[in-house]
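J.: If you read the protein sequences in the order shown, they are chains E and X. Each residue of the first sequence is one higher than the one before, counting from 1 in the UniProt record's numbering. Each residue of the second sequence is one higher than the one before, counting from 1 in the UniProt record's numbering.
Be a bit skeptical, because a hint or two may be false.
As the list claims (entries may be wrong) - Here are a few chain X residues that face chain E, going by a calculated C-beta distance under 8 Å:
| id | residue |
| --- | --- |
| 1 | Tyr41 |
| 2 | Gly42 |
| 3 | Cys92 |
| 4 | Pro99 |
| 5 | His118 |
| 6 | Gly119 |
| 7 | Leu120 |
| 8 | Gln122 |
| 9 | Gln124 |
| 10 | Leu127 |
| 11 | Val133 |
| 12 | Val144 |
| 13 | Trp157 |
| 14 | Ile175 |
| 15 | Asp191 |
| 16 | Glu197 |
Treat the hints as calculated values from the structure; they're not laboratory data. This structure is a prediction, so every number in the text was calculated from the model and none was measured. Yeah, the Cβ is synthetic: ideal placement off N, Cα and C, and Gly gets one too.
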Amino acid sequence: MSEKLIPLAELRERKAQPVRPNPEEAPRPDLREELFELEARGELIVQRVPEPYVEVTTKFGRTKKVPIDHLWHHKSCGQCGHIPGYTTSILWLNRQFGIDYVDPTDQTSCTGWNYYASATSNAVAQLLVMCRNFAAAYETGYYPLIHCGTSYGHYKELREQLVHHKELRDQVRRVLDKLGKPLVVPEEIVHYSEWVHVMRHRIAERQVVDMRNITACVHPACHYYKIVAEDAIYDPDIYGGQRTATVTALLQALGINVADYSTWFDCCGFGFRHILVQRDFTRSFAVLRKIEVMKDEANPDMTVTHDTGCVTTLDKSQFAAKAHQRRVGVPVLADSQVAALAMGAHPFRVLQLHWHSTDWRPLLEKLGIDWQRHWAEFEEDLAAIERGEKPGLTWEDAEQPILTR
Amino acid sequence: MSVATWSPTKAGQRYADVAEETKRQLFEEVKSDPRYPDFLYGCYECGICVSACPSARFYDFSPRVIAQALAREDIDRFYEILMEDIWNCAQCFSCVRCPRGNNPGGLVTLMREVAVRHGLEQAQQALQGYSRVIYKIMLKGNQVSPDMLQPDFFPDWGPWVREFSRNMSAWRKAIPVDTLRNVTDAAWRTDEKTLRELYTIWFETGNMEVIREVDEGLYELLVEIMEEELEAAS
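With these hints in hand, go ahead and build the complete structure from the sequences.
T.: See the structure below:
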């Protein structure tokens with residue numbers, strides 16, 4: 001028995017080495033191979049990742065293609081409805097890099113938030129909502145880039161169900177036929193933060209706001225890396241390959257000090273149903289298990305995450321906690337907003353920070369951004385809109401960075 | 001039953017008045033879902049799922065118990081979970097780090113579906129105040145929209161909500177994204193054809209019947225609007 005014991009020093013040595021998983025030893029089969037088999041049998045169409053793309057490593061050591069260009073933006077209802085600077089920043093980044101994209105009106109949300117909140121749907125309906133959106137993207141010739149972490153996770157799980165259950169495929173095909181749409185599944189399901197991840201060095205090359213004096217905590221989105229975990233990006237150079245690299249790698253590329261904290265793995269407390277009709281749970285969890293822990297252990301200037309629900313929960317839950325003298329007051333931003341800010345995006349025309357609840361002013365001041373001046377510019381925009389001089393802001397108004405090199 | 005009087009030996013007796021056949025039928029409905037075998041492989045009772053579970057910290061809730069009760073086909077315990085526990089799950093799927101490959105969050109989803117399909121009182125209670133969200137998602141294909149941000153619904157989000165509510169129209173116009181600009185009743189501008197396809201999906205998959213179980217008045221309203229749209233287009 002004692003011969004089998006591993007000495008503590010060796011264990012520590014092993015733990016200090018980055019994890020480099022061998023894809024040949026992956027605990028689960030590669031779903032993409034099964035997709036191609038179904039395509040070969042004429043059951044469905046697999047939409048290929050268009051070139052140019054970047055190959056990244058995922059949890060089990062497999063490679064995943066992340067497209068750079070020709071993107072069909074599968075928007076998020078929570079982002080567009082309540083945190084529009086999230087979406088605006090993603091598209092602003094696309095425009096800055098001259099990416100050819102489609103911002104579709106032929107798109108519904110995945111309806112997954114409702115499904116996880118109320119279960120007032122069923123597997124076939126959820127599959128059809130996904131497949132209808134995928135078919136809409138395929139018809140344009142552009143590749144779907146999923147903005148919402150829940151849509152990304154939900155679609156990964158639905159794709160698995162579609163591949164493994166013929167009876168579900170048959171039911172889905174029957175309704176798609178009625179809609180006149182093909183059954184299409186993308187080769188890779190790609191989250192926008194993966195696009196930001198592979199673009200991080202190009203973003204850093206165009207950085208105009210020095211962020212080296214900023215400390216940030218990362219909150220990774222549960223539905224990004226816990227549901228069908230093998231699709232999330234892992235990198236031996238980030239957390240030794242033991243946690244997902246998305247978001248953290250971007251912040252490091254921008255020179256931000258990423259501080260660790262002990263409840264990194266915990267969810268934000270969103271709860272889907274809870275955030276809408278039972279927020280006592282959401283507020284308690286967000287504050288006691290996330291924000292206060294970050295504050296006590298790292299005292300960050302901001303928290304950065306990459307999903308709709310996480311930004312909403314962590315940002316909006318802090319007001320009531322402040323009234324109870326809890327240790328809160330950490331601004332919450334999406335990685336796309338941080339990337340855009342680093343490249344000089346306008347804090348209100350692009351980042352739309354006025355939609356955020358927790359005070360972001362100290363962060364901008366620490367970054368040396370004169371937010372009063374930019375708010376005055378934005379108020380001028382609003383006044384012009386109110387006076388009827390312009391119907392609204394356009395990309396022409398928002399495109400120009402506030403700083404140049 | 002209060003905490004003071006609760007005893008493990010009495011577990012399973014809280015719904016003694018409910019017929020065994022009813023409990024069994026509901027269980028079989030959950031078990032017959034094609035996803036069920038993918039979500040449950042047994043249970044080591046290691047508790048890793050519980051340690052990761054946010055709801056276990058704030059409620060009397062355990063993903064481990066759910067996996068165990070279903071694996072053992074403990075019908076009485078299953079029924080208690082169905083009636084008392086499932087709506088506490090945060091559906092974050094932190095529990096899927098289970099070394100056995102279980103998906104307790106997925107099992108909860110299946111149980112919720114059954115609870116809703118049968119119009120169980122507990123499901124209706126859990127979804128109180130939620131109808132306006134169902135109205136939005138079924139008609140617009142979006143879970144939330146700017147016009148839902150009202151101070152009465154989100155008082156705990158601070159004075160920001162009141163300020164937003166006052167400025168909603170101008171703030172929405174001041175978004176440079178074409179599909180978002182000036183849209184307040186949905187998250188983005190969606191084609192009418194797209195929404196008609198969505199309505200077809202709801203009808204063809206029996207989803208509208210699910211809504212009827214939750215809120216009959218809402219169901220009738222939605223059907224009237226959707227059918228009118230579909231007929232006008234045809």
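J.: So, for every hint listed, does it hold in this structure?
T.: Now the hints, each set against the structure:
| no. | hint | in the structure |
| --- | --- | --- |
| 1 | Tyr41 | 13 Å, violated |
| 2 | Gly42 | 16 Å, violated |
| 3 | Cys92 | 4 Å, holds |
| 4 | Pro99 | 10 Å, violated |
| 5 | His118 | 12 Å, violated |
| 6 | Gly119 | 11 Å, violated |
| 7 | Leu120 | 11 Å, violated |
| 8 | Gln122 | 12 Å, violated |
| 9 | Gln124 | 11 Å, violated |
| 10 | Leu127 | 6 Å, holds |
| 11 | Val133 | 6 Å, holds |
| 12 | Val144 | 4 Å, holds |
| 13 | Trp157 | 5 Å, holds |
| 14 | Ile175 | 5 Å, holds |
| 15 | Asp191 | 5 Å, holds |
| 16 | Glu197 | 5 Å, holds |
The structure shown violates the earlier hints numbered 1, 2, 4, 5, 6, 7, 8 and 9.
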